[in-house]
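As given, the protein sequences belong to chains V and W, one line each in that order. Numbering of the first sequence is given in the working numbering, commencing with residue 17 and proceeding in unit increments. Numbering of the second sequence is given in the working numbering, commencing with residue 17 and proceeding in unit increments.
Keep in mind that a hint or two might mislead.
If several chains are the same, the list does not tell them apart, and a pair holds so long as it fits within one copy or across any two.
[To be verified] Computed list of lysine to any residue pairs in SDA-like fashion (alpha-carbon distance at most 20 Å, straight line):
1. LYS164 x ILE206
2. LYS120 x GLU85
3. LYS56 x THR290
4. LYS56 x PRO321
5. LYS56 x ASP245
6. LYS56 x VAL282
7. LYS164 x ARG86
8. LYS164 x LEU121
9. LYS164 x THR127
10. LYS120 x CYS318
11. LYS56 x ARG191
12. LYS164 x ARG371
Think of the hints as simulated: they come from the structure by calculation, not from any bench. The structure displayed is predicted, hence computed values, not measured ones.
Each chain is listed here by its residues.
Number of protein chains: 2
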Amino acid sequence: MTDFHLIATDGAARAGILQTAHGEIATPVFMPVGTAATVKGMTPDAVRATGAQVVLANTYHLMLRPGAERVASLGGLHRMMDWPAPILTDSGGFQIMSLSGLRKLDADGVTFRSHLDGSSHRLTPERSMQIQHLLDATITMALDECTKFPASEAEAEASMRLSMRWAAASRAAFRERSGYKLFGIVQGSIYPDLRRISTEALLAIGFDGYAIGGLAVGEGQAVMFEVLDASVPLLPADRPRYLMGVGTPDDLIGAVSRGVDMFDCVIPTRAGRTGRAFTSSGVLNLRNAIHAGDDGPLDAQCDCPACTRHPRGYLHHLFRAREMLGPMLLTWHNLRYYRNLMTGLREAILQGRLRAHVEALRAGWTRSAASSGM
Amino acid sequence: MTDFHLIATDGAARAGILQTAHGEIATPVFMPVGTAATVKGMTPDAVRATGAQVVLANTYHLMLRPGAERVASLGGLHRMMDWPAPILTDSGGFQIMSLSGLRKLDADGVTFRSHLDGSSHRLTPERSMQIQHLLDATITMALDECTKFPASEAEAEASMRLSMRWAAASRAAFRERSGYKLFGIVQGSIYPDLRRISTEALLAIGFDGYAIGGLAVGEGQAVMFEVLDASVPLLPADRPRYLMGVGTPDDLIGAVSRGVDMFDCVIPTRAGRTGRAFTSSGVLNLRNAIHAGDDGPLDAQCDCPACTRHPRGYLHHLFRAREMLGPMLLTWHNLRYYRNLMTGLREAILQGRLRAHVEALRAGWTRSAASSGM
C-alpha cells in the first residue's frame with residue numbers, strides 16, 4: 017500500500033495524491049525546507065498561508081541540536097513546530113557530506129564530527145531510522161551516501177553500492193506505522209547504467225516512494241535533465257518520485273515535465289532572506305536601488321502580503337535597513353510563488369495543457385531569469 | 017479640541033480614550049516601537065494580533081533612510097507599513113543625542129552627522145514638523161533637545177529653555193489637520209522647578225498632549241518616580257500624558273498609578289530578540305539550559321502563539337540555533353504581555369481596584385524580576 021494515487025498524466029508529467037498519517041499531499045509538490053525544525057523567518061501560520069502542504073526537516077541538524085530524544089520528549093516535530101501536516105526528514109547523508117568535517121565511512125555507517133562543536137557522532141541506517149522515528153517524520157528517507165561530484169564511474173559505483181546496502185538496512189530497521197512512509201534514494205551520479213542498477217536494487221527492496229539523489233550538486237541543468245530522462249522512466253508509475261534538493265522554477269518545470277512529483281530546495285527561502293524575489297516577470301533583487309522609489313507592487317500577479325500590502329520601495333527599504341521584516345516578507349513571497357507555480361503546473365496537467373502553460377510562464381520571465389533561474 | 021476623554025480615575029491613575037484621524041486609542045496604552053517603519057521581527061498582522069493600538073516610528077532614522085520625501089512618495093507610513101491605525105513619530109531630538117556623532121546646537125536647530133554614513137544633516141523645528149507631516153504621523157512630537165544625564169541645574173535650564181523655544185517654533189510650523197495631534201515635551205532633568213517652568217511654557221503655547229521627556233536616561237526608577245510626582249500634577253487633566261521611552265512592566269505600573277496615559281519603549285521588543293520573556297511569574301531568559309527539556313508553555317496565563325502553540329523547550333532550541341523564529345515569537349509574546357498588562361491596568365482603573373490589581377500582579381513575579389524588571 018503506497019496510498020499514492022495518480023489522477024492525471026500529461027506526457028510524462030503526473031498529477032497525484034499521496035495519503036499520509038498527517039493528511040494528503042497533492043502532487044506535484046514543492047516542500048519548503050525547515051532545516052532546524054523551523055522554516056527560517058516564517059511562523060507556522062505563515063507557512064500554512066503560503067499553501068505549503070509538507071515541510072522538510074533535517075536529521076543531521078536535529079540529531080546534533082537539540083537531539084532526537086529531546087525532540088521526542090517535546091512531543092515530536094509536529095507538536096513542537098505546531099505543524100500537524102506532513103513532515104519529511106532527510107536522512108542525514110547529504111548534510112554529513114556537505115557540512116561536517118572529518119568523516120569516516122565504513123560498510124555499516126559513518127562517523128563524523130559536528131560542524132557546531134567538533135564533537136564526534138555516528139550515523140548508521142539503524143540509527144537514522146530511529147532518529148527519524150523519534151522526530152515523528154511522516155516520510156522517512158533511507159540513509160544514503162550522497163556521491164561527490166564529479167566522481168569517476170568506479171567511485172560512483174562504489175558509493176552507490178554502499179547506499180544500496182544502507183537502503184536495505186534502512187528498510188529492515190524502519191518501524192512500520194499506518195500512513196508513515198519510507199523512501200529509497202537512487203544514486204549513481206551521472207552514469208545511466210549505475211542509475212539503472214541502483215533503481216533495480218531499490219525496487220527489489222521495495223519502498224513507498226523513490227527519491228533521485230546526488231543531483232543539483234554542480235552538474236548543471238542540462239546534465240541533470242539527461243539523468244532524469246534516463247532514470248525516471250525506470251521508476252514504477254504507482255509510487256511518488258522525489259527529486260532531492262531541486263531547484264529553480266525552471267528546474268522544477270523541467271523535472272515535472274519529466275515525471276517527478278516532489279521537490280525540496282532552500283532556494284526560495286535563502287533567496288528571500290538575501291533580497292531576491294521570484295516573480296511572474298523574472299527574478300528581482302530588492303536591494304537594487306532601482307526599486308527604492310517604486311510605489312507599485314512587487315508582483316501584481318501575486319496574492320501574498322508582500323505584494324498586496326506594501327509598495328516595492330518599502331521592501332527595498334527593509335533590506336537596506338537590514339530589518340527582519342524584509343527577509344520575512346520575501347521568504348513568504350517566494351514560498352507563495354513556488355506554491356502557485358506548482359498549483360499552476362498541477363492544474364495544467366489535469367487539463368492536459370502543460371506545454372502551453374509552461375510556454376506562457378517562460379514568456380513572462382526576463383531572459384536573464386529564465387536562463388539562470390536566479 | 018483634544019479629542020481626549022477621561023472615562024474613569026482611580027487615585028491619580030486614569031482611563032481614557034484619545035480620538036485620532038486613524039482611530040481611537042484606549043489609554044493607558046503602550047506603543048510598540050517601529051524605529052525604521054517596522055516593529056522588528058513582526059509582520060503588521062502580528063502587531064495587530066498583539067492588540068497594539070498605535071506604533072512609534074522615528075523621525076531621525078526615517079529622515080536618513082529612506083528619507084521623508086521618499087516615504088511620502090510611497091504613500092506615507094500608514095500605507096507603506098500596512099498600518100492604518102495611529103502612528104506616533106518621535107521628533108528626532110532624542111536620537112540625535114544618542115546616536116549621531118558630531119552635533120552642533122544653535123538657537124534654531126541642530127546640525128549633526130548621520131550614524132549610518134557620516135553625512136551632514138540639519139534638523140530644525142520647522143523641518144521636523146515638515147518631516148513628520150511627510151511621514152503622515154498621527155501624533156507629531158515637538159522638536160526638543162533631550163537633556164543629557166546627569167546635568168547641572170544650569171545646564172538643564174539652558175537645555176530646557178532651548179527646547180521651549182523649539183516647542184513654540186514647532187507649534188507655529190505644525191500643519192493642522194483634523195484628528196492629527198501635536199504633543200509638547202516637558203524637559204528640566206531632575207529639577208522640579210525646571211520641570212514646572214517647562215510645563216508652564218508648554219501650557220502657554222498649547223498642545224494636544226504633553227510628553228515627559230528626558231527620563232529613563234540613567235536616573236533610576238526612584239528618581240524617575242520623584243520627577244513624575246512633581247511633574248504630572250502640573251499637567252492639565254483633559255490632555256493625554258506620555259512618558260517617553262519607559263519602560264519595564266514595573267515602571268509602567270508606577271507611572272500609570274501616577275497618572276501617565278501613554279508609553280513607548282524598546283524593552284519588550286529588544287528583550288524578545290535576545291531571548292528574554294516577560295511572564296506572569298517574572299522574567300525568563302529562554303537561552304538558559306534549564307528550559308531545554310521543558311515541554312510546558314512559556315507562560316500558561318498568556319494567549320499568544322509562543323505560549324499556546326509551542327513547548328518552552330522549542331523556544332529554547334530556536335534561540336540556541338539562532339533561528340529567526342525565536343526572536344519573532346518572543347517579540348510577539350512580550351508585546352502581548354505588555355498589551356495584557358495595560359489592558360489589565362485599564363480594567364482595574366475602570367473598576368476602581370487598581371491597588372489590589374497591582375499587588376496581585378507583583379505577587380506573581382519572582383523577587384529578581386520585580387526588583388530589576390529585567
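Now for the hints, and whether the structure bears them out:
no. : hint            : result
1   : LYS164 x ILE206 : within (11 Å within a copy, 69 Å between copies)
2   : LYS120 x GLU85  : neither (24 Å within a copy, 60 Å between copies)
3   : LYS56 x THR290  : both (12 Å within a copy, 17 Å between copies)
4   : LYS56 x PRO321  : both (17 Å within a copy, 17 Å between copies)
5   : LYS56 x ASP245  : neither (33 Å within a copy, 47 Å between copies)
6   : LYS56 x VAL282  : within (10 Å within a copy, 24 Å between copies)
7   : LYS164 x ARG86  : neither (32 Å within a copy, 50 Å between copies)
8   : LYS164 x LEU121 : within (13 Å within a copy, 64 Å between copies)
9   : LYS164 x THR127 : within (17 Å within a copy, 60 Å between copies)
10  : LYS120 x CYS318 : neither (47 Å within a copy, 48 Å between copies)
11  : LYS56 x ARG191  : neither (30 Å within a copy, 44 Å between copies)
12  : LYS164 x ARG371 : neither (34 Å within a copy, 69 Å between copies)
When held up to the earlier numbered hints, the structure conflicts with 2, 5, 7, 10, 11 and 12 and fits the remainder.
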